Amino acid sequence: MIRTEGLVHRYGETVAVDEVSVTVDDGEFVLVVGANGSGKTTLVRHFNGLLEPDEGTVTVDGTSVGDDLVRARTSVGMVFQKPRDCFVAATVGADVAFGPENLGLPRDEIDRRVEEALTAVGMADRREERIDALSGGEQARVAVAGALAMEPAHLVLDEPFTGLDWPARSRVLDRLERLHAAGTSLVVVTHDLRDLAALADRVVAMAGGAVAREGTPSAVADALPELDVRPP
Amino acid sequence: MTLTYEPGGSLAHGLDPRSKLAVQVAFATAALVYTTPRGLAALTGLVAGMLAAARTSPLWALRELRFVLPFVVTAPLLEGATLGSPWFVAGDAAAPALASYRIVLVLLVTAAFVRSTPVRDTRAAFQWLVPGRPGQFLGTGAALVFRFLPVLQADVGRIRDAHRSRLGDERPLAERISLLSVAAINRAFRRADRLALALQARCFAWNPTLPALRFGRRDVPALALAVGLSAAALHGAV
Amino acid sequence: MSDTTTSDVDLVGDEATLNIARAALFAALVGAFAYVSFPFPGTPVPVTLQVLGVFLAGILLGPVWGGAAMVLYLAAGAAGAPVFSGGSAGLGILLGGKSSFGYLWSYPVAAALIGAVTHGGLELLDTDEIPVGRMVAGMVAGTAVIYALGAAGGMLVNDIGVRTAMVQFVLPFIPAEISKMVAAVLVVLVDSIRAK
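Chains as they are written, first to last, in the numbering used here: chain A, 159 to 390; chain B, 83 to 320; chain C, 425 to 620.
Just so you know, the hints here were simulated from the structure itself, not pulled from any lab data. Quantities reported herein were computed from a predicted structural model and do not represent experimental measurements. Cβ coordinates follow ideal geometry from the N, Cα and C atoms, glycine included. Any given hint could be a false lead.
Stated by the list, open to error - One side only, chain A facing chain C, incomplete, derived with CB under 8 Å:
1) V166
2) L227
3) N260
4) L357
5) A368
Required output: the full structure, derived from the provided sequences and hints.
In structure tokens:
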């Protein structure tokens, strides 16, 4: 379980996240929505300790994120916008292996994880291919595999569909649904709910750094237009 | 140059990267010491063997090296040239000509290595050679250069096209170069910021599991060759 | 989730991670610059931008990480990334396979020197605080190192004398180097204008 309590984050004078308390339960599918600058990206970057709180606390399974970064980053996997800049190796398999290698796992365990992660995103037969030769949708799936190879309990995706066309988007989404069904909790940051609202358990709508509304997708649907979020 | 790794099952593909690096270093050294007609003739035979071991055609490799070759040819011509009669002294051009031929040989050995060795193997060899944090910096850093070179080449190409159509070629050279550089550097730094976050999210560590390196029976002749070449170079230099 | 003892993982710190990412991207940029050539009036040699990359590595990344970036450039090239001029690569080139190998070895030294002179030590100044005079002095010193090692490499490998080395490895490039220094100054001025 990921939990923030009274979380405040400032960039200089600007308060980006203002006393936010949210939880993500194991196995849950949560959408974090809001306009540009509403603080949603800043919020989720606290979940794996990429940012440090100015005030408040962030815990994963009861342990403060700052106390054990490795644990936070293995249980909360993160996929970023523009995956193209997030690959560390020129070929698919070598990139997906990066996380498990950093954990110091034995070679056969790394191979098993790479195989499983690539299978989960439907890219198992593409291990030796050059990442640059892949389409945007395929790159997005390899980025997800890179996070999955850490075997996280939670997967956070920041605007995973930016720049993808519909077929690519639905293929990524299909893989996410399967992961969710298999027990991984998902946090998707987006300003575009079109086909996501039906799948999610809960929506956290942010405005001006604070949680403006929170509830099931149908319960918050009426509030979305004024939050400048494209309604489902 | 499209001289990059190609998966394959050749003898050279099966060698430990450390053996191949040792052969390269020994070869370059021996070639420096024996830049004589007889020495280079012998080394030419060796190069032919190495290219065959990597299943690389010499003609293909030379075509890949075509951008490098003009400089190699001009050196002996310049050295042989004089400012007055007789205009060209063949004797002065002989040594640079041999040196130029040596460069071609060394480049062919490089081609055989690059063709038969994947990046992760070379990285592992580096980190075996330079242990600890400096090795991890070198290994990861070099892998990142491989990853981002095509990305930044595309960036630079796009910026150049955009500037050409918008600014034309009238502005002074220094100004054009600086505009290109500013745009390219800003993009590179933004990419670096995003990359750094992604590295951290995946537990970027100083002590990761490294690719396994194992010398096999096939490496014995390669290592013997490296030792032989080094000994010959040492003998010739003393 | 497997319970690896997380305390065994020696994480690279935030600042070092960012510096490594920047150094690697800068090394790749110098590699990309090796492919960019401009015709230069008055010389037959087209100008490539690698050396500008070396200048800017020292100026923008400072002596430590600028030098480190150029070490990565050489390491990646040795491993086979086509980053050297003309898109060549390989350890053989660094070992004298190409007559221009002396320049390559000078890059880490030159970037570190330019960084140290520009910033007056190991601590980095903000881009808009960099004194132009010190920056130019740094680049002149760096250029001297690059061409001294470049000519020495040419003499060693091509078996030529000082006269030919000067003609082949130094003189044709000097006017273009001055253009690149001007360009580097403009880059820093534009950057600092943007930063304000």
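Hints and how they fare:
With 8 Å as the threshold, the beta carbon of V166 (chain A) stays out of range of chain C, its nearest partner Cβ sitting at about 20 Å, so the hint is violated. For L227 (chain A), the suggested interface contact is upheld, since its CB lies about 6 Å from the closest CB of chain C, less than 8 Å. Contact between N260 (chain A) and chain C, as hinted, is supported at the beta carbon level, the nearest pair being about 7 Å apart and thus within 8 Å. The criterion of a C-beta within 8 Å of any C-beta in chain C is not met by L357 (chain A), whose closest approach is roughly 24 Å, and the hint is violated.
A hinted interface residue such as A368 (chain A) counts as satisfied when its beta carbon comes closer than 8 Å to some beta carbon of chain C; here the least separation is about 27 Å, so the hint is violated.
Against the hints set out earlier in the document, violations occur for numbers 1, 4, 5.
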